[in-house]
Amino acid sequence: MGVVYVLEPDAYLSKEGGTLKIARRAGREVLLQKPLIAVEEIVVLGNAVVTPALLKHCAQEGIGLHYMSPAGAYYAGLTRTPAKNAPARVAQFKAHLDPAQKLALARRFVLGKLRNGLVLLRRNGAPGWETLRGALADAEGALDEDTLRGVEGMAADAYFRAFASLLPEGFQFAERSRRPPRDPANSLLSLAYTLLAKECESALQIAGLDPYVGFLHEIRYGRASLALDLMEEFRSILADSVVLSLLNNRRLTLEDFDDTEGYPKLRKEAWPKFLRAWEERLAERVRHPLLGKGLSYRQTLLAQARILVKHLLGELPQYEPFTVR
Amino acid sequence: MRELYLVIAYDTPDDRRRAQLAKLLKGFGERRQYSVFEARLTREQWAHLKGRLEVLVDKKEDILAVYFLPPEAVGRTWRIGHQGLKRLEEPDFV
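Just so you know, the sequences run in chain order L and E.
Residue numbers are given in this note's numbering: position 242 of the first sequence equals residue 1314, and the series is strictly consecutive.
Residue numbers are given in this note's numbering: position 57 of the second sequence equals residue 762, and the series is strictly consecutive.
Chain L extracted, bound-state conformation (with noise of 0.2 Å):
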């Protein structure tokens, strides 16, 4: 998996045989070349210009071009893969539009984030991880979607209250806040479920679903919902227990964030730091419970994508979320 990030404003991208040139756009200063073949991924975060040259070679060989913010915000991507799996989307719609099953998916994205919430908690001995076992019987046992959410809601605040307890001194927080997120460690959350999020959209198009029709999340004009229905069971596991190592190690500190805005942004040369950090985990191997393989953690988001798809069309009785033990 070559990903390359783009965190220079001023960049100038564009394919110079089989080669991609990264330049600052004035003047004549390259900042990478590198062979388009090891290249997967483009991740431009800023005003980077790209070559149609460039754009025409990203989607016929199917590397993903992705454009964030520079604060971290998605704003829009070519994808890896055309979705050719319309099978796939017709039984994704059916089950949408059917309450039983809506529902029952419903229930195995908050048992997935649930159980590997627990998990992290625990191994870390955060005081009140206990609280959370009760919100999985709840959750199994919620007879309709709006007691679910209810329940994922609760079990949420109880979830970051003793997440809260695992960060260093100067970095914790009394609840989860965003739009803007109000302290550093929201704001380093923020980012992470963006990139997660990011993740949960490829693979779901690489697996032919559309990303935007969910079952635990509403639909709504513009929002990816089976992306965050799928990165439910990856919050914790990838994004939160970056975070937490991050901070906890030290490798970013108060300094590296920004408050000239009223809130604290993580600045700009603090951003590879918490890249490399990213990337590192989701290479980080992993046995797969149901595949009985080791896959790295980008791997396995495909094949929880992939699984989603057997469920629908009937190969599979239900949806089985990725859990950690």
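If you are wondering where the hints come from, they were derived from the structure by calculation, not from laboratory data.
Among the clues, some could well be false.
Dumping the calculated DSSO-like pairs for lysine-lysine here, alpha-carbon to alpha-carbon at most 30 Å [stated by the list, open to error]:
(1) Lys1166/L <-> Lys1382/L
(2) Lys764/E <-> Lys728/E
(3) Lys1093/L <-> Lys1340/L
(4) Lys1345/L <-> Lys1093/L
(5) Lys1128/L <-> Lys755/E
(6) Lys1087/L <-> Lys755/E
(7) Lys731/E <-> Lys755/E
(8) Lys1128/L <-> Lys1093/L
(9) Lys765/E <-> Lys731/E
(10) Lys728/E <-> Lys755/E
(11) Lys1365/L <-> Lys1382/L
(12) Lys728/E <-> Lys1093/L
(13) Lys1345/L <-> Lys1087/L
(14) Lys1128/L <-> Lys728/E
(15) Lys1166/L <-> Lys1128/L
(16) Lys1087/L <-> Lys1340/L
(17) Lys1087/L <-> Lys728/E
(18) Lys731/E <-> Lys764/E
(19) Lys731/E <-> Lys1087/L
(20) Lys1382/L <-> Lys1174/L
(21) Lys765/E <-> Lys755/E
(22) Lys728/E <-> Lys765/E
(23) Lys731/E <-> Lys1093/L
(24) Lys1093/L <-> Lys755/E
(25) Lys765/E <-> Lys1128/L
Pulled a few chain L residues facing chain E out of the computed Cβ check, cut under 8 Å [unchecked claim]:
(26) Leu1103
(27) Leu1104
(28) Pro1344
(29) Leu1347
Remember, predicted model here, so these are calculated numbers, not experimental data.
Where is the CB? At the ideal position from N, CA and C, for every residue including glycine.
Guided by the hints, dock chain E onto chain L, whose structure is given.
Same frame as chain L, now just chain E:
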């Protein structure tokens, strides 16, 4: 995914072909000297490159050799002046 580590060296009297070879190889590896490249490729990528080289190289006039290094040899390579090839999956930050 098994990777192949290769060193490609070539010589040709034809200026045009020399430029074409350099351009092609830049898309697969890194240039070490004017006509020496290092590349780290999957088997599929190598098959692709091999096909392109077969079309491009003139068997009568040019010489081109691809040396495949075993993984142990790559680990023992001694270098001055450059870092060696990055693994394909390593991310880049610009």
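Going through the hints against the structure:
| no. | hint | verdict |
| --- | --- | --- |
| 1 | Lys1166/L <-> Lys1382/L | 14 Å, holds |
| 2 | Lys764/E <-> Lys728/E | 19 Å, holds |
| 3 | Lys1093/L <-> Lys1340/L | 22 Å, holds |
| 4 | Lys1345/L <-> Lys1093/L | 23 Å, holds |
| 5 | Lys1128/L <-> Lys755/E | 24 Å, holds |
| 6 | Lys1087/L <-> Lys755/E | 22 Å, holds |
| 7 | Lys731/E <-> Lys755/E | 14 Å, holds |
| 8 | Lys1128/L <-> Lys1093/L | 15 Å, holds |
| 9 | Lys765/E <-> Lys731/E | 24 Å, holds |
| 10 | Lys728/E <-> Lys755/E | 15 Å, holds |
| 11 | Lys1365/L <-> Lys1382/L | 18 Å, holds |
| 12 | Lys728/E <-> Lys1093/L | 13 Å, holds |
| 13 | Lys1345/L <-> Lys1087/L | 27 Å, holds |
| 14 | Lys1128/L <-> Lys728/E | 19 Å, holds |
| 15 | Lys1166/L <-> Lys1128/L | 34 Å, violated |
| 16 | Lys1087/L <-> Lys1340/L | 26 Å, holds |
| 17 | Lys1087/L <-> Lys728/E | 12 Å, holds |
| 18 | Lys731/E <-> Lys764/E | 21 Å, holds |
| 19 | Lys731/E <-> Lys1087/L | 12 Å, holds |
| 20 | Lys1382/L <-> Lys1174/L | 16 Å, holds |
| 21 | Lys765/E <-> Lys755/E | 18 Å, holds |
| 22 | Lys728/E <-> Lys765/E | 21 Å, holds |
| 23 | Lys731/E <-> Lys1093/L | 11 Å, holds |
| 24 | Lys1093/L <-> Lys755/E | 24 Å, holds |
| 25 | Lys765/E <-> Lys1128/L | 37 Å, violated |
| 26 | Leu1103 | 5 Å, holds |
| 27 | Leu1104 | 5 Å, holds |
| 28 | Pro1344 | 5 Å, holds |
| 29 | Leu1347 | 6 Å, holds |
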